[in-house]
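A.B. asks: I would like the entire structure built from these sequences, with the hints used as guidance.
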Amino acid sequence: MNGTPSTTNGDVDLSIEFCGVRAPNPFWLASGPPTNSEYQVRRAFEAGWGGAVWKTISHEPIVNVSSRYGAVDYEGRKVMGLNNIELITDRTLEDNLREIANVKRDFPNHALFVSLMVESKREAWHDIVKRTEDTGADGLELNFGCPHGMSERGMGSAVGQVPEYTQMITEWVKEVARTPVMVKLTPNITDVGAIGRAGARGGADAIALINTLNSIMGVDLDTLAPKPHVRGQGSHGGYCGPAVKPIALHMVSQIANDPEIGLPISGIGGIQTWQEATEHMLLGAASIQVCTAVMHFGFRIVEELISGVSNWMRAKGFGACGDFVGASRERVRDWSDLDLNYKVVAEIDQQTCINCGLCYIACEDGCHQSINIERVPESQFRKTRRDIADRTFVSGTKRYTFGAGDGYVNRFTINQETCVGCNMCALICPVEGCIAMVEIDTGKPPMSWREYQKRLAAGETELLEPPKHV
Amino acid sequence: MAKSGIRRNSKMLRAKFAELHPPLDDDEAAAAAVHCLYCYDAPCTRACPTRIDIPHFIRQILHKDTRGAAKTILDANIFGGSCARVCPTEVLCEGACVDNTLLNEPVLIGRLQRFACDDSHEASMNFYTPGADTGKRVAIIGAGPAGLTCAHELRKQGHRVTVFEARDVAGGLNTLGIAAYKISTEFALSEVERIMKMGIDLRLGSPVDADRLAQYLLEYDAVFLAVGLGRTAPLDIPGENLKGVWEALDFIFQTHTKPLNKCKVGKQVVVIGGGNTAIDAANAAVRLGAESVTVAYRRDKHAMPAFEHEYDLALSSGVQILWLTKPLKIMGRAGKVAGVRVQRVRLDGRGRKARLEPVRGSEYTLPCDMMIKALGQETLHELLEVFPKLKLTKNGRVVVNPRTGATSIPKLFAGGDCQKDAGEEVVNAVEAGKIAAAGIVALLSR
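Chains as they are written, first to last, in my numbering: chain A, 8 to 477; chain B, 27 to 472.
Quick caveat, the hints were computed from the structure, so don't treat them as lab data.
All C-beta atoms, glycine included, are put in the ideal place defined by N, C-alpha and C.
Derived DEER-like restraints, expressed as beta-carbon distance ranges:
1) B/Arg367 to A/Ile380: 51 to 61 Å
2) A/Pro384 to B/Asp101: 27 to 37 Å
3) A/Thr359 to B/Gly449: 24 to 34 Å
4) A/Asp330 to B/Leu46: 50 to 60 Å
5) B/Thr211 to A/Val237: 48 to 58 Å
6) A/Pro384 to B/Arg429: 12 to 22 Å
7) B/Lys182 to A/Ile380: 31 to 41 Å
8) A/Ile380 to B/Tyr390: 51 to 61 Å
9) B/Glu54 to A/Thr359: 23 to 33 Å
10) A/Val226 to B/Arg93: 15 to 25 Å
11) A/Asp113 to B/Arg93: 52 to 62 Å
12) A/Thr359 to B/Gly231: 52 to 62 Å
13) B/Pro428 to A/Ile380: 18 to 28 Å
14) A/Ser386 to B/Lys288: 49 to 59 Å
Using 35 Å as the maximum straight-line C-alpha spacing, the simulated DSBU-like pairs for lysine-lysine come out as follows:
15) B/Lys446 to B/Lys162
16) A/Lys405 to B/Lys42
17) A/Lys405 to B/Lys290
18) A/Lys234 to B/Lys97
19) B/Lys415 to B/Lys437
20) A/Lys390 to B/Lys446
21) A/Lys405 to B/Lys417
22) A/Lys405 to B/Lys293
To give an idea of the chain B side of the interface with chain A (calculated C-beta under 10 Å), a few residues:
23) His61
24) Tyr66
25) Ala68
26) Asn126
C.D. replies: The following block contains the structure:
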C-alpha cells in the first residue's frame with residue numbers, strides 16, 4: 008500500500024518537510040514498543056501516522072526482564088505517567104533491517120527513521136549506519152537518551168550526559184551517514200542545552216527530545232516491592248506519559264531558543280492529545296513523536312490528533328504546519344524580562360459559581376488569603392441567582408437549593424486589593440470559566456526586573472511592595 | 027384474605043423485596059468517589075443532621091482507606107450503615123451536593139457510605155471501647171435509634187446504661203418500620219449488636235409506664251426518654267374496627283418479623299394517606315402480591331408530604347394514586363372490610379392549609395379486601411401527660427432544649443420522634459440521641 012503524500016483535511020495541509028524528509032503529517036511514532044516490528048509500523052502507517060522512528064536497533068539483541076512497565080494513576084484516571092525497564096530491541100539486526108526495508112518499500116512517502124545504539128566504538132557506529140541506510144530508511148536517530156540498563160553498559164544516556172561523547176559519536180556517524188542524523192537527548196541532565204550544542208557541533212541535522220526520565224514508580228504496600236518488580240526487586244526506569252509534558256516543553260523550548268543550535272526539533276514527551284502536540288509545535292517542534300498514548304490506546308488515536316490540529320489551524324487561519332511551528336518560541340523568556348507592572352486579579356462569576364469553596368480554602372491555606380467567605384441565607388441566595396430554578400429541587404413538601412446546607416449558602420468573592428493574581432483559584436475551580444483572571448490597569452509603564460534593578464540603583468523608582476494580604 | 031387466591035412463592039417475594047440500591051463494588055465505589063469535589067464547609071455535610079464529614083470519608087474511600095472512611099462515618103453516626111440505606115439522601119446530603127449544578131447529578135453519597143460501612147461490618151470491626159467507669163447510671167427508655175445512639179455515646183464516656191424496650195426486639199423503627207427493600211432486618215440488628223458490645227444492659231419486653239418512669243427518675247442519675255410515638259391516628263369514620271383494616275406500621279412490621287410468604291396482604295388494597303409511610307405501605311403491598319393497590323389522599327400532589335423519589339417508585343411499581351379523595355366510611359361484609367366509600371373534594375385556597383370542600387354527589391366506593399391507614403402516629407399521651415411538670419406541645423410532643431435534650435423536669439432528657447420538632451428520619455433520631463448524650467454527660471460531670 009502506498010502512503011498518501013500528505014494528510015489534507017479540507018483547506019488545511021498537514022504535510023511537513025523535516026530536515027529534508029517529507030511526511031504526510033507531523034505525527035510520528037517515537038522509538039519504542041509500538042515501532043518494534045514491521046507488523047506494527049505497517050498498522051501505524053495504515054492508521055494515519057505520518058512517520059515513525061524504529062525501535063532502537065543494535066548489533067546484538069538484548070535480553071529483557073519480566074515484568075517491565077509501571078504506571079501512576081491519578082484519582083481514577085489510569086496512566087498519568089508510565090515507566091519502563093525494557094531495553095532496546097530484543098530482535099536480531101538482520102530481522103530488523105529486513106523489516107525496515109519492507110516497510111520503506113511499501114510506504115515510500117512516510118518518514119521512517121531508525122533509532123541506533125551500539126558500543127561506543129567508531130567502527131561499530133560506521134557499520135550500523137551503513138547497514139541501516141542500505142534499507143532505504145529516511146534518516147537516523149541516535150539514542151543518547153535511554154536512562155536504564157543500556158546506560159550501565161556505557162550507552163544511551165551515559166553518552167547523552169557527557170557533551171564530549173555526544174559530539175564525538177555524532178561526528179563518527181556523520182562521517183559515513185548519507186541521510187539526516189537526529190540526536191535524541193536525555194532529560195536526565197542539568198542543562199539540556201549543553202548536550203544539544205554538542206550534538207550540533209558534531210554535525211547533527213536535527214534534535215529529538217525528550218527521552219524518558221529516571222524514575223521509580225512506587226512501592227507495593229502489600230509486598231513492599233518497588234514497582235515494577237522482577238522477583239521482588241526493581242530498578243529505576245524511564246518515565247513518560249502525560250505527566251512529563253511540561254518538562255518536555257521546557258526542554259524543547261530551551262533547545263529551540265538556543266542560538267548556537269538552530270536545528271529542526273522533533274518534540275517528544277507526554278503527547279496524548281492534539282493540544283499537547285500543538286503546544287510542542289508552537290514552542291518549536293517541527294515534528295512530534297508519540298509513544299505512551301499509543302501504548303495505552305493504540306494507533307487509532309492519530310485520527311483525533313489530525314482532526315483536532317486541523318480544526319484548530321482552520322480556526323486560527325493557519326494553512327500549513329510551517330505557519331505556526333515556533334510561533335510561541337520567543338515568548339518564553341528569562342524571568343528577569345517579565346513585566347513587574349503587569350497585574351491580574353481573580354474575578355468570580357457569581358452566576359456560574361457552584362459554591363464548593365475550593366477556591367477559598369486553596370487561597371486561605373496555601374496561597375495569598377484574598378478570598379472572602381460569606382454565609383448567605385438560603386432564602387436570600389435564591390433571589391441573587393437568575394439560574395436558581397436550575398438549582399432548586401422540590402421533593403414532597405420540601406424545597407432545597409443545591410449547594411445549600413443548614414440554611415445557608417457560602418458566597419465567595421475576591422478581595423482584589425490583596426489578590427496577587429497567582430491563578431490558583433482559577434486553576435482549581437471545577438466550573439469552566441467561572442473564575443477569570445482579569446487585567447488591572449496599574450497605570451505604570453512596563454518594567455522588567457532588570458530595568459527595576461537599574462532604576463533602583465539610579466534612584467528613579469521606589470521599592471515595590473507586595474500587597475498586604477496577611 | 028391473604029390466602030384467598032394470591033399465588034406467591036418465597037423466591038419471587040425475596041426478589042421483589044431485593045434492595046433497590048444494591049451495594050457498590052470496589053470499582054464502582056472508586057468511580058463514584060472520584061466525582062466528589064471535596065468542597066470546603068461542604069453543603070452535603072451541612073445538610074446531614076448528624077454532620078458526617080462526607081468529603082473526608084469519600085476521599086478516604088478514594089485513597090483506599092475504607093476502614094478510615096467507616097470510622098469517619100460512625101464517629102458522627104453510629105447507625106451509619108442503616109442511614110446509608112434508609113436516609114432520603116435525595117433531600118439531604120445528595121440534594122445539597124454541588125455536583126447537581128455541575129453535572130446534573132449528585133455524588134452517590136448514600137451508596138458510598140454504605141460501601142464503607144459494609145466493609146467494616148463484614149470485617150466485624152470494633153472501633154469503640156467503653157470509657158473508664160464513672161459509677162453514674164442512666165436509664166434509657168426506648169431502644170430505637172435515638173435511645174441506642176445515646177446509650178453508645180454514654181458508654182464511650184464510661185457511664186452505665188440500662189435500656190428499657192417495650193418490644194422484644196431492639197432497634198425501633200429502624201429494625202421494624204422501614205420497608206424491607208431498603209434495609210434488611212439482619213443488617214439493622216447488626217448495627218444494634220455493635221452498640222450492645224459496648225456493654226449495655228438491654229431489657230427487652232419492658233414497657234415503661236408513668237409509675238416506672240417516676241421510679242427511674244429517682245433511681246438513676248439521668249433518664250433519656252426516647253419512646254417514639256404510639257398508634258396510627260384514627261380516621262374517625264365508621265368501620266375502622268372491621269377485619270382487614272390495618273395500621274401502616276403494623277403492615278410494614280410483618281415484613282421484618284415474618285417470612286415474606288406468611289405476610290398478610292389483600293388482593294385489592296386501599297391505602298389512606300399521603301406521607302412516606304403511606305407510600306411505603308403501598309410499595310410493600312404491591313411487592314407482597316396485591317393485584318391492585320390504590321392510595322387515596324385528600325389533598326393534591328402539591329401538598330403531598332411523601333418525597334418525590336418515593337412517589338416515583340410507587341408509580342413505577344404500579345400503585346394508583348387518587349388525589350383529592352377523602353374516605354367517608356369503611357364498608358364491611360360479614361365483619362370484614364369490603365370497600366371504602368370515598369368522596370371527591372375541592373381545594374379552597376392553596377398549599378397544605380387549603381380548606382377541603384366536599385364535592386356533592388361525587389361519592390363512590392373503592393372495593394377492597396384490605397385497607398391500610400397511614401395518617402401518621404399519635405403521641406404516647408398516656409405516658410407523657412401524667413407528669414404535670416413535663417412541658418408538652420399542643421399536639422403532645424415533649425419540649426426539649428434543642429442544645430441539650432433536657433426537658434422541663436430535672437434529670438429527664440428526651441429525643442427522637444417523641445420530641446418537639448422531631449425530624450421523621452432515623453438520622454434525626456440519631457442526632458437527637460447524640461445531643462441528649464452530650465447534655466447528660468454535661469449534667470453528670472457537674
